[in-house]
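*Asks:* Each chain is listed here by its residues.
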Amino acid sequence: MKAAVIVFPGSNCDRDMKVAIEQSLGTPAHMVWHGDSDLPDVDLIAIPGGFSYGDYLRCGAIAGNSPIMREVVKRAASGTPVLAVCNGFQIATETGMLPGALLRNANQKFICKDVDLKVVGENKRFSGAFASGQVVRFPVAHHDGNYFADDETLARLEGEGLVAFKYADANGEVSDATNINGSRNNIAGIYNEAGNILGLMPHPERLISEQLGGTDGKLFFDNLVNSLN
Amino acid sequence: MKARVTISLKNGVLDPQGKAIAHALHGLGFDNVGEVRQGKVIELDLGDIAAADAPAEVEKMCTQLLANTVIENYEFELLD
Amino acid sequence: MTEITKEIVAEHGLSESEYERVLEILGREPNLTELGIFSVMWSEHCSYKSSKKWLKTLPTEAPWVICGPGENAGVVDIGDGQAAIFKMESHNHPSYIEPYQGAATGVGGILRDVFTMGARPVANMNALRFGRPDHPKTRHLVSGVVSGIGGYGNCMGIPTVGGETNFHASYDGNILVNAMTVGIADTDKIFYSAAAGIGNPVVYVGSKTGRDGIHGATMASAEFDDDSEEKRPTVQVGDPFTEKLLLEACLELMATDAIVAIQDMGAAGLTSSSFEMADKGGVGIQIDLDNVPMREEGMTPYEIMLSESQERMLMILKPGREDEARAIFEKWELDFAVIGKVTDTGKMVLTMHGDIVADLPVAPLADSAPEYDRPWVKTEAPAPLKADTLPVPADLGKTLLNLMGSSEIASRKWIWEQYDHMVMGDTIQRPGGDAAVVRVHGTDKALAITTDCTPRYCYADPETGGAQAVAETWRNLTATGADPLAITDCMNFGNPERPEIMGQFVGCIAGMKAACNALDYPVVSGNVSLYNETNGTGIHPTPAIGGIGLLKQSSHMSTIAFKADGETILLVGETTDNMGQTIYLREIEGREEGAPPAINLEQERRNGDFVRASIQAGLVTASHDISDGGLAVALSEMALAGDRGATITLEDSLPAHAALFAEDQARYVITATAENAQTLLENAKKADVPLQILGTTGHNELKVTGMLAISVSDIRQVHSQWLPDLMTVPGH
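If you read the sequences in order, they're chains A, B and C.
Note that our numbering gives residue 194 to position 194 of the first sequence, counting from 1, and the numbers run on in steps of one.
Note that our numbering gives residue 26 to position 26 of the second sequence, counting from 1, and the numbers run on in steps of one.
Note that our numbering gives residue 459 to position 459 of the third sequence, counting from 1, and the numbers run on in steps of one.
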């Protein structure tokens, strides 16, 4: 299996993503600079976190309109799995690969902490390591993670099992009290209809060893790599 | 020719910054202030574009990049 | 041409005797541009004219020190051909005037200081001091400073792993924002600032120059008055996105051998960077100002030279390497301009539109900067304040809760959750412990990083306070199991022209010197911020110390959290009955008086070496140094971190409030298995280290026999709520 990590000016979780993928994969991931015209033939495309183009205009807007993203959108449409984390999720919604948008956190503040997430939709490729309803722990680190979609979109996401993760407590209870950023329906991550794109605000790549404080991220990447091998 | 694009959040999209501004204004004694919605203004120098082409061009810029129509409305005026 | 009148000279902050010296050096009157250059170069901020005499007395050497003070940052060897490069710097005045941008550009500046030397920054920290919590400006300042620090560091993708925050009325009109950055470089790829190679190109990279921050350096060297808020336009605006690109571009170019010297444009912008590079290299520089990338039209030479626009660097390249370098900077969409060349004239010659607009000798201007031996008076050392002069509180549990929920001790989580403290994937000890720990990427090593200072001790007794600040950072590092390496100091004081303030400075330096020597813990970089006064009231003397230490095996790291039930809790060090300057005295008795806890540097060293060796030998399961609030607060913090309680029995040789809340130095709480506790007791005896068993971990309350019993969740409630409550706008 081969993986590529897309790097924009201002990406800053690109190395973390690379380390996490490589830890599970055992071979190097391709780092693809946004200005490079050709995207190698890969089995996984990761769009990492950061502040692409300084978050100017809107988070992810400028990267979303870049030539490399046009290619990513094409690949995704033909079935290549895409993992879009944090700023990557923002970019993915800007391109229309995923529905909705990410607004400023309801409390107006950047939030960096570990959060409990309830695994909701079933998707062997991305969350096969976890049972539906299980609670996993990934960190968040964002200023604009407040997921918005209109009522109709929201009903479709919920109805079709496309909500991947929800902000919850340690027992899996989903409530306003566990909604860290004001996201509609506590949504932390979603799949596209075809199930080959996962966008999520939390960072699985940050908890990949006991030394870093947890291994749920490692389980996530191990499963992802296995399912694509 | 120049254009001034005004972008605001759609009604129904929560605007916490607007709420914070309203709250701060109340704190300063401006009690009459009701709802506050904030947005942004983008000024574009369009060079020597033909006046007839300008509206369509700016419209395209708005939909393709300047506004995210999932959450934002836009309007623009052309200035000589 | 503007005539240089007495008023203009005074507006530039030069004294009459300093201006006499200008005339002597030039043999003529300066023009306005030249006067502006003298003014910033000789400002307190750039010249250290009041502090130099004393700074020179600090120890700066050790076998592991690669570069001490004088460069952009200090450099220490961390083995395997790698070095840690670090520094702390103040951005106090700008942060008071415009907290978001002031703090943000403070972070930007210190990051540049570190990556200028070839290091990739791996961690940021911040030492913050605000006015009293209920001061009308405090909430606004805390909110702005914290979001500014986060806004810059988060966007750069460099973790902000901790720091410290104090609140005290002495900072009501002068907050302190001290930002520290630590970076990692290869020892054979460290870059310095001395210009060399006659004819070599002088290159400008980064953002364009605008009119921002003109006279920021002189502002940072003047006392505030009520009009200072009018000075807002001089505050620079930061662009962390550009800085991120500048970082990547510089590191990419540094991987080649094209660079001769490099210097960031910080305070006093192009002026100080060009003069420092020329002076260090003993050469001249000629600059054509027409080639400086400019953001605004019609900028004068004066404005170009004094602008403090951010995210800019000055480099000397090897001849013929311009195109290679230009390609890298253009890839990162940054400005790149050859603006001049190195000359053998020893002069700084600036031209614009074909005219010479400044012609100044480099060495006299840089080296003959005024240096003052300002008059000073020693602060009278106060007498200790004995515990038996204070009533023992009826409810010691309630007293502890009061302290845990006080401004000094309450959790800073509200602050650090706004900082990305995990990006880069190497933060193995997050904020909230004694020191943060980040792995050296791709190795088994890790760096422990801390900042500390107890200004109330420094105010009461500067010498003890200066020594304590250094010792506490050493203790913080030790408590993680790291070997302390070196410090950076950020010296924040009031007006040095007042002898009592100068006396505080001299006293703190003396204490720091003694501690650095006793602990083999030299100063490798630093910064001085004077004139932190408003209407004649100075801040508490605040020599903020940033320390770093090395864990050769990151797996040896220790944390403060109680790890398991049934473990033995031990106290390292001795407790006395001096309650002077304690948080207990301030919060419970409402008094700020008496002598701070005494410092015994030999004992400090013995106790610390014992704790560190015990951690590294695997005998310790948790460790925490005892500081503000004393033993009871340290135990509470360990209980909170481990989410489990403890049962403690204290000897009755001291009054209860001293045993629980005295702040004696050189003390730690450690835990161990019952078996290892016996080994520790034997080892301590041999090492002449006071060590006693306090009790056992377990259950969900902190119980001190005959004194108090409170649940861990009650402690958590008061500890976690104070800062969010402070920062919540009423009715919001």
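Because the hints were derived from the structure by calculation, they are not lab data.
Do not take every clue at face value.
Said to hold, decoys possible - Here are the in silico distance ranges between beta carbons for each label pair: (1) A:Q134 x B:E75: 44 to 52 angstroms; (2) A:G172 x B:L79: 40 to 48 angstroms; (3) B:I49 x C:T443: 29 to 37 angstroms; (4) A:A77 x B:E75: 30 to 38 angstroms.
Don't be surprised by glycine CBs; every beta carbon is placed ideally from N, CA and C.
*Asks:* Work down the list of hints and note, for each, if the structure agrees.
*Replies:* We went through each hint and held it up to the structure:
1. Remark: the range hint 44 to 52 angstroms for Q134 of chain A to E75 of chain B is upheld by a beta-carbon distance near 47 angstroms.
2. In this structure the hint that G172 of chain A and L79 of chain B lie 40 to 48 angstroms apart at CB is violated, the actual value being about 55 angstroms.
3. In this structure the hint that I49 of chain B and T443 of chain C lie 29 to 37 angstroms apart at CB is violated, the actual value being about 57 angstroms.
4. Separated by about 33 angstroms at the C-beta atoms, A77 of chain A and E75 of chain B satisfy the suggested range of 30 to 38 angstroms.
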